[in-house]
Structure formats: structure tokens, C-alpha cells
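Between the sequences and the hints, there should be enough to build the whole structure, so can you do that?
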Amino acid sequence: MSRQIAIGRHRAWVALLLVLLLALGGWRALHQKQAWNDAIQATAAASPASAASHPLPEGDAPAHWHFAQAVALAADGQEEAALARYRGLFDDPALAAAARFNSANLLLRQGLRLRESSQPGQALALLELAKEGYRALLRADPQHWDARYNLERALRLQPDAEPDETAPPSPPLDAERAATTARGSAQGLP
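Residue numbers in the sequence shown follow full-length UniProt numbering, run continuously in steps of one, and reach 190 at the last position.
Hints are computed from structural coordinates only; laboratory data are not their basis.
As the structure is a prediction and not an experimental result, all values here were calculated from the model.
Treat the hints with care, since some could be wrong.
Claimed, not checked - Taking CB as the label site, the calculated pair distances span:
{"hint": "1", "residue 1": "Trp145", "residue 2": "Arg113", "range": "21 to 29 Å"}
{"hint": "2", "residue 1": "Ala12", "residue 2": "Asp91", "range": "43 to 51 Å"}
{"hint": "3", "residue 1": "Ala63", "residue 2": "Arg9", "range": "43 to 51 Å"}
{"hint": "4", "residue 1": "Ala29", "residue 2": "Arg153", "range": "30 to 38 Å"}
{"hint": "5", "residue 1": "Gln34", "residue 2": "Ala125", "range": "23 to 31 Å"}
{"hint": "6", "residue 1": "Gly121", "residue 2": "Pro142", "range": "28 to 36 Å"}
C-beta: ideal position from N, C-alpha, C; glycine also.
Written out as C-alpha cells, the structure is:
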């Protein structure tokens, strides 16, 4: 009987230790998330120039932090750095659509600025990249109406090239390939 009591006490201590360890792990995770939330709020409240250089809390940065940094970089005019941050989020399931949309918007804005400048030919590549970004987003989410609208706007600015009509027509599927396969009767030999 005393052995059973000792085993019961041992199990109780192990269970208590397990509960304390789980509580400590939960507290640490909550504390880290709170630090990230505070950092993101500080970034949003700061000016765009200082937001991009806001120090990171300890640990790996979550995807939302990178997204907030990309938005701050774009607002500060550092569009190439913002595009690089957005591209890093294309594989994130929660933020991929927003990252693709924002990166395509940045490319469209850059293309519009170049189109109105003294070198409008350089805008073609940016407009094509923006259209491809909107199309990729619409393949993943066909109901994304903002992307549809922006794609239509980009298509009005730079329509897609029509297929070349001077290409030779393809032969019919049942056409003979060579003269040696032609059916016919021999005309006779001398």
C-alpha cells in the first residue's frame, strides 16, 4: 500500500512539473509575441524613415514583421528593398496574396512614373511585371477584385501583344506528310 502511495505521489510531482513547464513555455511564447506586437506598433507609429531601421526583437522575425517592414520601406521610397521583402513573402500562406498585390502595385507605380518621364520605353518591362503579378494573384484567388481592377488598368496602359497573324497555318491533323505516302496507281512502266 505504501508503494502505491509513493507511486501516486511521484506521478503527482511529475504532472505538476509538466504543468509548470507548459505554463513557462506558454508565458515565454506570449512574451515574445507581445514584444513583436510592440515592435510592429512602434514601426507603424514611427516615421517611414525610422520605421525601416527599427531594431528587431530577439528571435526569428515573423512574416508579419517582414510585411510591415516592406510597407515602411515602400512608404519611404525604397521600392527595390520593399520589393525584395515582398518577394520573400510569396510562399507564406497567410500573406502571399497581400505581398503579391503590394509588389505588383509598386511595379505599376514605377511603370507609370517612367512612362511619364523622358524615357517611356523603360516602363514596358515594369508594366509587364505588374501584369504578371496581378495574374499570379488572380490564379490563386480569382475573386480578388482589387487585383482585377489594377490588371485592367495595366492592360489599358500597355495592352498585351496580339498573336502574330503572319505565321503559317498549321497543317491539318490528317494531312499526309510526304509524297511517298500518297496513294495512287502506277501508270505503267515502258
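21 to 29 Å as the expected CB spacing between Arg113 and Trp145, which holds or is violated: Cβ of Trp145 to Cβ of Arg113: about 25 Å, so the range 21 to 29 Å holds.
- request: Using the Cβ atoms, figure out if Ala29 sits within 30 to 38 Å of Arg153.
  value: 43 Å, violated
message: Range first: 43 to 51 Å. Now tell me if the beta carbons of Ala12 and Asp91 are that far apart.
response: 46 Å, holds
task: Determine whether the Cβ-Cβ distance between Gln34 and Ala125 falls within the hinted range of 23 to 31 Å.
output: Since Gln34 and Ala125 have Cβ atoms about 44 Å apart, the given range 23 to 31 Å is violated.
message: If I claimed the Cβ atoms of Ala63 and Arg9 lie 43 to 51 Å apart, would that claim hold in this structure?
response: Holds: the Cβ-Cβ distance is about 46 Å, inside 43 to 51 Å.
task: Confirm or reject the claim that Gly121 and Pro142 have a C-beta distance inside 28 to 36 Å.
output: 33 Å, holds
Of the numbered hints listed earlier, those contradicted by the structure are 4 and 5.
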